[in-house]
Amino acid sequence: MDEITRTVKYEADTDPHFAEEIAGIARGETLRACIQCGNCSGACPVSPYMDYTPRRIIAMTRAGFKREALSSTTIWLCASCYNCTVECPKQIRITDVMYALKQKAIKERLYPKRFPVAVLAREFSAAVRQFGRNSELWLIIYLYLKTNPFAMLKQSILGLRLFLQGRMGLKRERIPMGTGKKGDLQTIWNALDRADR
Amino acid sequence: MNHLYYPGCSLKSTGRAYEESLLAVCATLGVGLTELQDWNCCGATSYMAIDEVKAFALAARNLALAEEQGKVGPGTPTVDLVAPCAACYLVLAKAQHCLEENKEVGGKITAALAAAQLQYTGRVVMRHPLDLFTNALGLDAIKAQVTKPLTGLKVACYYGCQIVRPYATFDDQYHPMTMDHLVTALGGTPVDWPLKTRCCGGSLTGTVQEVGLRMSYHLLKEARKRGADVLLTACPLCQFNLECYQDPMKALFPDHEPLPVLYFTQLMGLALGLERARLGLQRLFVPFRQPVGV
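For the protein sequence lines, the chains are A and B, in the order given.
Under numbering that gives the first Met the number 0, the letters of the first sequence match residues 0 to 196, in that order.
Under numbering that gives the first Met the number 0, the letters of the second sequence match residues 0 to 293, in that order.
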């Protein structure tokens, strides 16, 4: 006989502080005002691909379904087009709620493993943190190495064409870092890191 | 007219033709653009997925540099910062809103900027080139310089999502018209189409390709259906998604027909009589062959 698992959650399984936590990050104080009308899901151009529609993510967040919300693909498929934010009749900043969920998922390492969007966010931020600017070629190389190295071959034709058209170079874009001079981005990072601790 | 110019990472790479055409057009129209020195990445959509305060700090550093290099002070109450990339424009404008309304985040960022002897006092005016051309310069001034009007050219004006939502004030969130009016001033004919602000897929085209390809495909299909000869964009990522992926798009959707996708500044340059090479038109994957001004 197959193993029987409970499919409905008890209240004790949920996280009673999750909604407040997310609302706090996203300044989504209005999260509780959601009337579950579904305008966000209708407005979202990516919702056909999501495991939960934006409306359901809001409901799950409110009800404390932390693990489900944070490990969903939904939050990573959000392309930040802000259509839901503009369409929400209760003025909930849904795009910012998605960002808050992404931040939390990264912190708690709950994002779907090897999911390219989460990997992209991590690689992008690491490069910007180190160099101050993003170099598209290097970002793509790291993204493929960490998700699907074999797919890189397929993309290499596009990369080559871009190179030939002068639209992609090998150079690393960067600004001076760690100079200690006025405006040094490294000084700003250090100050923010200290404040975090 | 002098303005500070924030190119952003894409305009130095895949969106190089956007920078080339923008600078050429501005030089012709007498609009001075001075590149912000030592600018850093705006953070785009990715940094915000990692850390909110650090993402806003990236944006705030650029705003602080703009105040300093634009020499705001007595006699210069504000400085214009022109950001052609839709993501940069949105992120910088969003950071301005956040710093103003959220004292907690704002306080942390002010302190971090101060450590690097910078400050941001809220006196930067973010401008997208569409805003700059239609509102600051004015369409009459542009019209007067048109030497090769786009007569008979049908144009789908695509604004994308991030320019007009949700922080921009220069155009309507639902039915933006600045690019349409600009095309009319250049002698062209904007087609009426409903997907002006529908998302192109953004970075999804590079990560979960099928999702992005489908979104871009729908845009191009609808533009064609409405009779467009060319689709204009105002964002480097929109242009990249809509133009460079037309081959894989064709593989996935066999009824796809190629459509040239230009930056609106490239078409402006043609109408102003500039050479194609100055406008980066040789960098297109789907060539734009239609003669203009004949």
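Among the hints, a few may not be true.
[As the list claims (entries may be wrong)] Chain A residues, not near chain B, derived (Cβ > 10 Å throughout):
{"hint": "1", "residue": "GLY63"}
{"hint": "2", "residue": "ARG121"}
{"hint": "3", "residue": "GLU172"}
[Said to hold, decoys possible] Quick list of in silico lysine-lysine cross-link-like pairs, BS3-like style, CA-CA up to 25 Å:
{"hint": "4", "chain 1": "A", "residue 1": "LYS145", "chain 2": "A", "residue 2": "LYS106"}
{"hint": "5", "chain 1": "A", "residue 1": "LYS112", "chain 2": "A", "residue 2": "LYS145"}
{"hint": "6", "chain 1": "B", "residue 1": "LYS107", "chain 2": "A", "residue 2": "LYS106"}
{"hint": "7", "chain 1": "A", "residue 1": "LYS103", "chain 2": "A", "residue 2": "LYS153"}
{"hint": "8", "chain 1": "A", "residue 1": "LYS153", "chain 2": "A", "residue 2": "LYS112"}
{"hint": "9", "chain 1": "B", "residue 1": "LYS142", "chain 2": "B", "residue 2": "LYS153"}
{"hint": "10", "chain 1": "B", "residue 1": "LYS153", "chain 2": "B", "residue 2": "LYS224"}
{"hint": "11", "chain 1": "B", "residue 1": "LYS153", "chain 2": "B", "residue 2": "LYS107"}
{"hint": "12", "chain 1": "B", "residue 1": "LYS142", "chain 2": "A", "residue 2": "LYS103"}
{"hint": "13", "chain 1": "B", "residue 1": "LYS70", "chain 2": "A", "residue 2": "LYS180"}
{"hint": "14", "chain 1": "A", "residue 1": "LYS103", "chain 2": "A", "residue 2": "LYS89"}
{"hint": "15", "chain 1": "B", "residue 1": "LYS70", "chain 2": "A", "residue 2": "LYS181"}
{"hint": "16", "chain 1": "A", "residue 1": "LYS8", "chain 2": "A", "residue 2": "LYS103"}
{"hint": "17", "chain 1": "B", "residue 1": "LYS102", "chain 2": "A", "residue 2": "LYS89"}
{"hint": "18", "chain 1": "A", "residue 1": "LYS153", "chain 2": "A", "residue 2": "LYS180"}
{"hint": "19", "chain 1": "A", "residue 1": "LYS145", "chain 2": "A", "residue 2": "LYS170"}
{"hint": "20", "chain 1": "B", "residue 1": "LYS102", "chain 2": "A", "residue 2": "LYS103"}
{"hint": "21", "chain 1": "A", "residue 1": "LYS170", "chain 2": "B", "residue 2": "LYS70"}
{"hint": "22", "chain 1": "B", "residue 1": "LYS153", "chain 2": "B", "residue 2": "LYS70"}
{"hint": "23", "chain 1": "B", "residue 1": "LYS102", "chain 2": "A", "residue 2": "LYS106"}
{"hint": "24", "chain 1": "A", "residue 1": "LYS153", "chain 2": "B", "residue 2": "LYS147"}
{"hint": "25", "chain 1": "A", "residue 1": "LYS181", "chain 2": "B", "residue 2": "LYS107"}
{"hint": "26", "chain 1": "B", "residue 1": "LYS249", "chain 2": "B", "residue 2": "LYS224"}
{"hint": "27", "chain 1": "B", "residue 1": "LYS249", "chain 2": "A", "residue 2": "LYS180"}
{"hint": "28", "chain 1": "B", "residue 1": "LYS220", "chain 2": "B", "residue 2": "LYS249"}
[To be verified] Just some of the chain B residues that point at chain A, by a computed CB distance under 8 Å:
{"hint": "29", "residue": "ASP37"}
{"hint": "30", "residue": "ALA110"}
{"hint": "31", "residue": "ARG164"}
{"hint": "32", "residue": "ARG282"}
{"hint": "33", "residue": "PRO286"}
{"hint": "34", "residue": "PRO290"}
Simulated from the structure, these hints should not be mistaken for laboratory data.
Every residue, glycine too, gets a C-beta built ideally from N, C-alpha and C.
Here's how the hints hold up against the structure:
At the 10 Å boundary, the C-beta of A/GLY63 stays outside the reach of chain B, the nearest C-beta of that chain being 22 Å off. With a closest Cβ-Cβ approach of about 7 Å to chain B, A/ARG121 is found to fall inside the 10 Å limit, against its non-interface label. Residue-level check failed: A/GLU172 sits 6 Å from the nearest beta carbon of chain B, not beyond 10 Å. About 19 Å separates the Cα atoms of A/LYS145 and A/LYS106, which keeps this hinted pair within 25 Å; it holds.
Of the supplied pair hints, the one linking A/LYS112 and A/LYS145 holds, its CA atoms being roughly 10 Å apart against a limit of 25 Å. Distance restraint check for B/LYS107 and A/LYS106: the Cα-Cα separation of roughly 20 Å lies within the 25 Å cut-off, and the hinted pair is therefore satisfied. Between A/LYS103 and A/LYS153, the direct Cα distance comes to roughly 33 Å. Violation of the 25 Å bound is thereby established for this hinted pair. A hinted pair counts as satisfied when its Cα atoms are at most 25 Å apart, and A/LYS153 with A/LYS112 qualifies at roughly 22 Å.
With a C-alpha separation of about 18 Å, the suggested pair B/LYS142 and B/LYS153 falls inside the 25 Å cut-off, and the hint holds. Restraint check for B/LYS153 and B/LYS224: the C-alpha separation of about 12 Å stays at or below 25 Å, so the hint holds. Note on B/LYS153 and B/LYS107: the hinted pairing is violated, with a Cα-Cα distance of about 50 Å set against a maximum of 25 Å. Between B/LYS142 and A/LYS103 the alpha-carbon distance is near 51 Å, which puts this suggested pair outside the 25 Å criterion.
The suggested pairing of B/LYS70 with A/LYS180 holds, with an alpha-carbon distance near 19 Å, which does not exceed 25 Å. Taken as a hint, the A/LYS103 and A/LYS89 pair is honoured in the structure, with Cα atoms around 24 Å apart against an allowance of 25 Å. Restraint check: the Cα-Cα separation between B/LYS70 and A/LYS181 comes to about 16 Å, which is no more than 25 Å; the hinted pair holds. Taking the CA atoms of A/LYS8 and A/LYS103, the gap is near 22 Å; set against the 25 Å cutoff, the hint holds.
For the given pair, B/LYS102 sits about 23 Å from A/LYS89 by alpha-carbon distance, which is consistent with the 25 Å threshold. Taking the CA atoms of A/LYS153 and A/LYS180, the gap is near 44 Å; set against the 25 Å cutoff, the hint is violated. Between A/LYS145 and A/LYS170, the direct Cα distance comes to roughly 21 Å. Compliance with the 25 Å bound is thereby established for this hinted pair. Restraint check for B/LYS102 and A/LYS103: the C-alpha separation of about 22 Å stays at or below 25 Å, so the hint holds.
In summary, the hint linking A/LYS170 to B/LYS70 is not supported, as the alpha carbons are separated by about 32 Å, beyond the 25 Å threshold. With a CA separation close to 43 Å, the supplied pair B/LYS153 and B/LYS70 exceeds the 25 Å bound. Distance check on the hinted pair: B/LYS102 and A/LYS106 sit about 24 Å apart at the alpha-carbon level, within 25 Å; holds. Proposed proximity of A/LYS153 and B/LYS147 is contradicted: the alpha carbons are some 41 Å apart, above 25 Å.
At roughly 18 Å between alpha-carbon atoms, A/LYS181 and B/LYS107 fall within 25 Å of each other, so this suggested pair holds. Between the alpha carbons of B/LYS249 and B/LYS224 the distance comes to roughly 16 Å, so the proposed pair stays at or under 25 Å and holds. Proximity of B/LYS249 to A/LYS180 is assessed by CA-CA distance (about 51 Å); at most 25 Å being required, the pair is judged violated. Using a Cα cut-off of 25 Å, the hinted pair B/LYS220 and B/LYS249 holds, with the two alpha carbons roughly 11 Å apart.
Checking B/ASP37 against chain A: minimum C-beta separation of about 6 Å stays under 8 Å; hint holds. Here the hint on B/ALA110 is kept, as its CB sits about 7 Å from the closest CB of chain A, short of 8 Å. Interface restraint check: B/ARG164 against chain A, minimum CB-CB distance 4 Å, threshold 8 Å, status holds. Nearest Cβ of chain A to the Cβ of B/ARG282: about 4 Å, under the 8 Å cut. The hint holds.
The interface hint given for B/PRO286 is broken, as the beta carbon of that residue sits about 11 Å from the closest beta carbon of chain A, more than 8 Å. Violation of the interface hint for B/PRO290 is found here, the shortest Cβ-Cβ separation to chain A being roughly 22 Å, above the 8 Å cut-off.
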